[in-house]
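Visitor: Given only the sequences and the hints, what does the whole structure look like? Please build it.
So the protein lines, in turn, are chains A and B. Taking the numbering used here, the leading residue of the first sequence gets 1, the next gets one more, and so forth. Taking the numbering used here, the leading residue of the second sequence gets 1, the next gets one more, and so forth.
No lab work stands behind these hints: they were computed from the structure. Among the hints, erroneous ones may be present.
[As the list claims (entries may be wrong)] Okay, derived cross-link-like pairs now, SDA-like style, lysine to any residue, Cα gap no bigger than 25 Å in a straight line:
id, chain 1, residue 1, chain 2, residue 2
1, B, LYS114, B, GLU238
2, B, LYS114, A, ARG142
3, B, LYS114, A, GLU133
4, A, LYS114, B, GLU144
5, A, LYS114, B, GLU137
6, B, LYS75, B, ALA45
7, A, LYS114, B, GLU133
8, B, LYS114, A, ALA389
These numbers come from a predicted model, not from an experiment.
Number of protein chains: 2
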Amino acid sequence: MTTREDCAALDARDPLANFRARFALPEGVIYLDGNSLGALPLAAAERARDVIGEEWGDGLIRSWNEAGWMDLPFKVGARIAVLIGAEAGEVVACDSTSVNLFKLLAAALALRPKRHVVVTDSDNFPTDNYIAEGIGEFLGPRVERRLASADEIIDAIDGDTAVVSLTHVDYRTGRIHDMAAISAAAAARGALSLWDLSHSAGALALDLNGSGADLAVGCGYKYLNGGPGAPAYLFVAERHHAAIRQPLSGWMGHAAPFDFSPRFRPAPGIQRMLSGTPPVIALALLECGLDILSEAGMAALRAKSVALGELFMARIEARCAGHGLELLSPRDSAQRGSQVSYAYENGYGAVQALIARGVIGDFRQPDVMRFGLAPLYLRHVDVWDAAEALGEVLDGEEWRRHAYGEKGAVT
Amino acid sequence: MTTREDCAALDARDPLANFRARFALPEGVIYLDGNSLGALPLAAAERARDVIGEEWGDGLIRSWNEAGWMDLPFKVGARIAVLIGAEAGEVVACDSTSVNLFKLLAAALALRPKRHVVVTDSDNFPTDNYIAEGIGEFLGPRVERRLASADEIIDAIDGDTAVVSLTHVDYRTGRIHDMAAISAAAAARGALSLWDLSHSAGALALDLNGSGADLAVGCGYKYLNGGPGAPAYLFVAERHHAAIRQPLSGWMGHAAPFDFSPRFRPAPGIQRMLSGTPPVIALALLECGLDILSEAGMAALRAKSVALGELFMARIEARCAGHGLELLSPRDSAQRGSQVSYAYENGYGAVQALIARGVIGDFRQPDVMRFGLAPLYLRHVDVWDAAEALGEVLDGEEWRRHAYGEKGAVT
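Guide: This is the structure in structure tokens:
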């Protein structure tokens, strides 16, 4: 890959090339932040008009049944299941990732009542660790949060471990945890595995059931393209459905929500993991993003994601040598999600300078430049141009123009 | 009020008459279910185009800061605060009512660690009681849920009571609890008061701070017209801000979410009650409904709501006499929210027959016909016509054509 023309030729024969036209991408922008907020599917803008204007406006309360609103958490869950290697009845779309983590951590501790340890990655996404902290504080001192580095997770699992709670793809480096090996190690020691798929679903071909995962959560607004603050989802392997209970036992998790009976009776299956009334409009928008992913297929998406990652690293090595960038992501694509990150001492200013040029990546503390490569709508030429832009920013010391600021964006 | 022409004359001089045109109400429908799902504000359909097409589609990740997405929970919370007698910094819009109830019940028990009793109304909305059940099950046997009838609440509060958790307006009967008296009784015995405002905010002039309320939650999709499954909200009186903690301690409740620090440090003020990423699109839509309510003003809305209720009861008494309808709602408007409910043995079929005629009310187990009177978009002639339609349904025994079914709608 030595010229931009080579990249254009790859784009011309890219089997996923036509999917770019399904998104509303602004002119003059190269968007390397689909791992933080996915782009807008044109179908979602269309669907919004229907669900708001017709279903809410005209159908009013009747739409709960007539437009299938009551079924949306399960219907959207089934769409996600296809992408993550789960069965339709094992996934439901609801709440936020944080809330779903709380439900599943509490549920896991209740399924293993004689154990008190939550093993997690010291580099786990902060909300995952904060929620585990909240569980510990409110369930009392019996819960211990055991932090281990990514390489030491398996050794940290012992007979006191109730659950191993990990983000599958590290939000900073893109490093992939070995889901099958860790889930097996947890199972061998009688513990459960809980996976946060926020940075992997829609970017990697996942196989939750094939990997022996017990529980999972994930975010709807990154590679799933569900929109800002889209509903999240959760997975419970079918073998746990009969025994699992969760503390946010709201009416939508009741076996008969409209009986208005005084006592809570958990619904059979995944429905018992629901709490409140489903966010109808947001679920309808999320469904549009999922439809496109299903159509493209995770194998083709992963293949293109790997190709874009290889190209990006090669171009940065060629174009930005000598500026002191340190690759934080695994060089081996088998161990890397759909992002490439570099540590760079002037990273904050460099990312701001890129954004000013229309090349949108993001910055993570303390010095991480993070570039997401969403294969549905990125071209090889975009990756070429982005590396070229970073080279110019570094050569021209454009990072000097951007003072370090407080504000961040949502990962 | 003896003729339909009198009603039309009232509508002609109704100071709120023009607000009806701000909603997308379908032709041929009299909508008496705004207490379950509020109607669509035309501004919300417009706002959806902007927040989806421009802010998400064009702005992408930049909109978290540039379009003010990060501030939406507080901005929308401040709009709700105006309606419920709270200060702007005491209310935040987030999650569902059920999730917010969980957060506040857990927080209340933690604020009163030597007490173990949650006092609640045996007729409370089911999800309120289910969530209290979930809290008890997961926090262990120390939590006791004490059910009392509406008249016995104050007597049930004792020195073991941590929190009194009530729905302000009963979802079936529309009966109003005396917020000031019960909050004062709770405070006098060292307990906290937690109010579910789902059936009162937007329909009654509330004064949380004037009533001495400690905590509150409420729903966004009823009288607030936020759309199906709209975000809910919660209130914490400012005097509790320093001490309150809640277990769903996700990153949005952190003092510095983008520091990605390993330990949770609660934000000052109401922000610590947040958990996950805000549902941006849904919050933007909810804001549109709130704008209209603020413009109309709660005093004028309450006055019209009372007038519509009086008219409806008078017309039902005149038109439906002899059919065995029993008024479940308080006859005294000072004790009644913005709905009127009747017990009727053929209530299920009668409500279905009304819906078939385009008069949309709802049915609640076991025999309750419930009619919501949303003063923003209902006319006096609508109320007249609805009573007339019910009279015809009863006279013609139209309820016989509608078999009892399983499905309900969302309250």
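Visitor: Does each hint fit the structure? Answer for all of them.
Guide: Now for the hints, and whether the structure bears them out:
no.: 1; hint: B:LYS114 x B:GLU238; in the structure: 22 Å, holds
no.: 2; hint: B:LYS114 x A:ARG142; in the structure: 19 Å, holds
no.: 3; hint: B:LYS114 x A:GLU133; in the structure: 22 Å, holds
no.: 4; hint: A:LYS114 x B:GLU144; in the structure: 24 Å, holds
no.: 5; hint: A:LYS114 x B:GLU137; in the structure: 16 Å, holds
no.: 6; hint: B:LYS75 x B:ALA45; in the structure: 19 Å, holds
no.: 7; hint: A:LYS114 x B:GLU133; in the structure: 22 Å, holds
no.: 8; hint: B:LYS114 x A:ALA389; in the structure: 62 Å, violated
Figure legend: structure checked against the earlier numbered hints; the only hint not met is number 8.
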